[in-house]
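Colleague: These are the residues of each chain, in order.
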Amino acid sequence: MNNELPAKSIQVLTQQWGLILALLTFIGWGSLLLYAHLKRNTGFQFTDLELAALALGGWPLPALLISFPVLFLSAFLPAGILIGITAVILLTSGGIALRAIWKGNSPWALIPVSIFLVLAFLRLGLVADVIMPMYFDSAEHYRIIRELLDSAWPTASYYHLGYHIIIAAFVRISVADPASVMLIFGQLILAALPLPIFFLLYRATFSKSAAFLGVIFAAFGWFMPAHAVNWGKYPALLSLLLLQFTLGILLIKKNWMPAVAALAATVIHTRSVILLALFGTAWILANLWEGQPHPRRRLILAVVATMLGMLTLIIYRNPILGPILEPYATLITLLSVLLAASVFKAFSHPIMVSLLIILLILTAIFIPVSSSLTLLDRPLAEMILFLPLAFIGGLGGARPLKFIAPALAALIILNAWMNISFGPSKCCQLVSRDDATALDWVGRHYKKDSVIAIAGVNLNINAFGRPMRGAGIDAGIWINPLTGIQTIPFPNSTNFASPEAHDQLCSNGITHIYVGARPQSFAPDFAELVPEWYETTFSLPKAHIVKVLNCK
Amino acid sequence: MTRKRLYKILGLFSAAVLLALATAFPLIRGLLSPDSKPNPEQNIFEMPLCDLQPGGLCLVTFGAISSAEMAIVIQTPGEEYPAFYLRATHQGVENTYPCEAGSLPNQVICVGARTPLGEPLEIKVFTNESDLLIASGKFNVSAMATTLLGSNSGFSVMGKMATPTPSPSPSPSPTVQVIFTPTSAPIATMTSTPDVGYPNP
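Protein chains in written order, with our numbering: chain A, -12 to 539; chain B, 632 to 832.
Do not take every clue at face value.
Claimed, not checked - Once the Cα atoms are required to be at most 25 Å apart in a straight line, the calculated SDA-like pairs of lysine to any residue come out as: (1) A:LYS195 x B:LYS639; (2) B:LYS635 x A:TRP95; (3) A:LYS413 x B:LEU683; (4) A:LYS434 x B:PRO729; (5) A:LYS90 x B:PRO830; (6) A:LYS195 x A:LEU238; (7) A:LYS434 x B:SER698; (8) A:LYS413 x A:ILE400; (9) A:LYS435 x B:GLU700; (10) A:LYS195 x B:ILE640; (11) A:LYS435 x A:GLY496; (12) A:LYS435 x B:PRO736; (13) A:LYS332 x A:GLY267; (14) B:LYS635 x A:ALA96; (15) A:LYS90 x B:LYS639; (16) B:LYS769 x B:LEU748; (17) B:LYS639 x A:ALA504; (18) A:LYS539 x A:TYR433; (19) A:LYS413 x A:GLU277; (20) A:LYS413 x B:PRO736; (21) B:LYS769 x B:CYS681; (22) A:LYS332 x A:PRO306; (23) B:LYS769 x B:VAL724; (24) A:LYS240 x A:ASP490; (25) A:LYS534 x A:ASP490; (26) A:LYS90 x A:LYS195; (27) A:LYS413 x B:PRO830; (28) A:LYS90 x A:ILE239; (29) A:LYS195 x B:SER645; (30) A:LYS332 x A:LEU272; (31) B:LYS639 x A:ILE400; (32) B:LYS769 x B:PHE676; (33) B:LYS769 x B:ARG718; (34) A:LYS195 x A:ILE354; (35) B:LYS635 x A:VAL100; (36) A:LYS90 x A:GLN32; (37) B:LYS639 x A:TRP95; (38) B:LYS635 x A:SER93; (39) B:LYS639 x A:PHE108; (40) B:LYS639 x A:ILE98.
To be clear, the hints were calculated from the coordinates, so they are not data collected in a lab. Quick caveat: nothing in here was measured; it's all calculated off a predicted structure.
Using the sequences plus the hints, can you model the full thing?
Modeller: Set out below in C-alpha cells:
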C-alpha cells in the first residue's frame, strides 16, 4: 500500500527543501529551548532521553510565544528588518540554550530526534499528492491566516487563534506560501505527536522498552491521528502535542510551566481546556479508586468496563457517532488491551486512568453545551482516542521478556505499512489540478465584486443539535480565501434549471456558479439545458464556471 | 552508552538509510536522467501527457473558455523554467497561445483558438525571449469538457505574453456570513438526513 511512499517523500524533500529546513529549524529551536530549560531545572531526576522526548512535544509553546510579537511587529517593520530581528532572537536564545547544556549530555537524547526525523520523512510523502490543504476546515484556516497577514491584528474571527498566529508569523519570516506552510507544518506535527508519550510511559514504568513500544503504538497503531490532516484539523493536532507536554510537565511538578502550557494549548485549540479537565478528572477518580479495598476496586473496575462496553455499543449503533470507533476496531486495539490486561497488577493505576479517560471522552460527546455543540465533537473524540490506547499498549512492553517489545513493535509497523495508507485520502481532497487552475483563473480574471455560488451540504458532526449548515464540499470553498471574491453556498442538489433557482441566484446577486467534480458538486450539465440563463465561461474536465445571465 | 550499543544504533540507522535509498533509486535515476527521449532529428524535447509521464514539461489537459477559445494547461519542471508561449497547428492552420503562470507551482495555462474535440493538434513551445523552440508534442484533443457553450462571454484573448510568476496575494474581503437558508419555495431536493461530516478513509 505504501510502496511509493519513500519516493514521494524524497520528491517533497527535493521540491520543498528550503521550507522544510526552515520549519525544522523553528521546531528544533523550540525543542532545544525547552530541553535546556528542563535539564537545567530538574537536576538528575530525569534522563536526557525522556527530557528530549518531552521537549519535542513542547516546542509549540516557545513557537507561540515568539509568534505574537513577530506578527505584531510585522505591521510596522519591513520584512527584511523583521527577519533580521527574528533571526537574532532565535540564534541568541538558541545559543544560550546550547551553551547551557553543552556538556554532560547523553547520546540517548538524540534517539527521539532521530525518530522524529524518520517519522517526518515518512509523513512528508503525503504532500506530494496534495494540491491544497484538505477539506473545508483548511479553507477556513487559510482565510484566517490571510486575514492576520493582511491586517496583522486584530482579526474578526477568534477560531483557534494560536495555530493561525504561528502559521502567519512563520509565513512573515519565511516569505513562504501559507498553503505550503500549512501542509508541511501539519506533517511535521504528526511526526512529533508520538514522542511525548515516551516520557509519560517511562515515568510510569521506568522501562525504555515500554516507552518505545508506546511511541510505536502512537505512530503506527491506527490511522488516527494521522487521518486528521485529511480533515484539516491542524489546530487540534498541534494542541494534542502541547497537551501531552502539559501532562508531562505536571509530572515534573514545575510551578508555573503547566499553567502556561495549558493556556497555550487552549489558545491553539479551545477544546484543550475540556480535554485537560477530563484528564484531571480521570486522574482524581483513579486515585480515589486506588484507595479503595480490593473487593470494591474489582467492583468499580467491572462497572467502568461495563459502562465502556455499553457506550461503545450505543456509539456503534449511532450513524453520526459510529465512525469514532472505525479506526480502533482493529486487532491492534485488541493487542493493546491484552497487553494492558497482562500487566494490570503491576500498573493498575495508570491503566485505570487511561480507561477512565476513554470513558470520559466517549461520554463527553453526549453532553450538550449549547443547541448545536457538545463538550467534545465526534472528530476530536475520534482523533484523541489513540493516546490512552497507545499508553496502555505501551505498558505491556514493561514485561520481563524484553524481546517481546521489539517483536510487537515490528508487527505494528508491518501492519501499518500493509493496511494504513500514509498518503492523502480521496474522501477529503476537494481541490484537483483542474480546480487549482480554475481558482487561479477566477482570481485573475473576475471582478472583485463578483458573487459566486458554490455547492454546500448540511453535515452532522455532533450527537445532538442542528447540523453544520452549508459546508463547502468542493474547491468552491477556496474561492473566497484565495481571491477575496464573495461566495454563497447553495444546496448541492439545487435544480438550477428551475425558475425559482434562477430567481434565487439573481436575488442574491450571484454572477457565477462554480461546478467542481466531487461526488456532491453541482451537476455540470444545467447550463446546456437553459442557455438563456446560463453560459459556461470556463471549462476543464474537472472544473467549470458558469455565468448567470438575464437577471431582471 | 557503551561503544557496542553505539555501533549497533549506527548500524541500524545506516541500514535504514540504505533501504530508503534502494527504494528511491528508480526516482533518483529518473531525476538524473533526461526527462524524455529527445527527438533524434532535431534534438527537441518531446512533450508527453502528464498522465503518462508526470514530472518535467508535460501537457495536463485541454479546457474550454468559450465557444471560440480553449485552454491548454501545461506543467513545467520547476519555477525556474523560462516563460513561454505555444504555437499549435491543426489541419495546417497555426495559432498562437499566450501563456500565463497559475498560482499552483509549475502550472501554466495557455489560451487561444479552439480545436474541435478528437482532432489532432501539434503543439510547439517557444520561449518568450528569442522565440527559441524548446519542446513539441502531438496530441489528440480528447480530454476537453463537452459542455456546450453559448455565445462569446466577452473574455478576451490574453494579448500579453506573461512571465510565469506567482499570482499576487489577494486582498481579502471582510468575512462573509454565508447564507444557507432554504427558501419557502424549495429549489432543491434536500436529502432527508444530512450527511456525516469528516469521513474516514
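Colleague: Each hint should be assessed against the structure and marked as holding or not.
Modeller: Against the structure, the hints:
1. A:LYS195 x B:LYS639: holds, 17 Å
2. B:LYS635 x A:TRP95: holds, 14 Å
3. A:LYS413 x B:LEU683: Distance of about 21 Å is within 25 Å: holds.
4. A:LYS434 x B:PRO729: holds, 22 Å
5. A:LYS90 x B:PRO830: violated, 50 Å
6. A:LYS195 x A:LEU238: Given pair A:LYS195, A:LEU238 holds - Cα atoms ~18 Å apart, limit 25 Å.
7. A:LYS434 x B:SER698: Roughly 22 Å separates the two Cα atoms, so the pair holds.
8. A:LYS413 x A:ILE400: holds, 23 Å
9. A:LYS435 x B:GLU700: holds, 24 Å
10. A:LYS195 x B:ILE640: holds, 15 Å
11. A:LYS435 x A:GLY496: holds, 13 Å
12. A:LYS435 x B:PRO736: holds, 24 Å
13. A:LYS332 x A:GLY267: Holds, at roughly 23 Å.
14. B:LYS635 x A:ALA96: Holds: B:LYS635 and A:ALA96 sit about 17 Å apart, inside 25 Å.
15. A:LYS90 x B:LYS639: At roughly 24 Å apart (the allowed maximum being 25 Å), B:LYS639 and A:LYS90 satisfy the hint.
16. B:LYS769 x B:LEU748: holds, 14 Å
17. B:LYS639 x A:ALA504: Not satisfied, since the Cα-Cα distance of roughly 52 Å exceeds 25 Å.
18. A:LYS539 x A:TYR433: Answer holds: A:LYS539 to A:TYR433 is near 21 Å, not above 25 Å.
19. A:LYS413 x A:GLU277: With Cα atoms ~47 Å apart, A:LYS413 and A:GLU277 exceed 25 Å; violated.
20. A:LYS413 x B:PRO736: Distance ~21 Å between A:LYS413 and B:PRO736 Cα, so the pair holds.
21. B:LYS769 x B:CYS681: The given pair, whose Cα atoms are some 13 Å apart, holds under the 25 Å limit.
22. A:LYS332 x A:PRO306: It is violated: about 37 Å lies between the C-alpha atoms, which goes past 25 Å.
23. B:LYS769 x B:VAL724: holds, 14 Å
24. A:LYS240 x A:ASP490: violated, 65 Å
25. A:LYS534 x A:ASP490: Holds - the C-alpha atoms of A:ASP490 and A:LYS534 are around 14 Å apart, at most 25 Å.
26. A:LYS90 x A:LYS195: Measuring from Cα to Cα gives roughly 24 Å; hence the hint holds.
27. A:LYS413 x B:PRO830: Within the cut-off at roughly 10 Å; holds.
28. A:LYS90 x A:ILE239: holds, 22 Å
29. A:LYS195 x B:SER645: holds, 22 Å
30. A:LYS332 x A:LEU272: holds, 18 Å
31. B:LYS639 x A:ILE400: holds, 20 Å
32. B:LYS769 x B:PHE676: Between B:LYS769 and B:PHE676 the Cα gap is close to 12 Å, so the pair holds against 25 Å.
33. B:LYS769 x B:ARG718: holds, 12 Å
34. A:LYS195 x A:ILE354: violated, 38 Å
35. B:LYS635 x A:VAL100: holds, 21 Å
36. A:LYS90 x A:GLN32: Status holds; Cα separation ~17 Å.
37. B:LYS639 x A:TRP95: Judged against 25 Å, a Cα distance of about 13 Å means the pair holds.
38. B:LYS635 x A:SER93: Holds, because 15 Å separates the two Cα atoms, which is no more than 25 Å.
39. B:LYS639 x A:PHE108: holds, 22 Å
40. B:LYS639 x A:ILE98: holds, 13 Å
Figure legend: structure checked against the earlier numbered hints; hints not met, in rising order: 5, 17, 19, 22, 24, 34.
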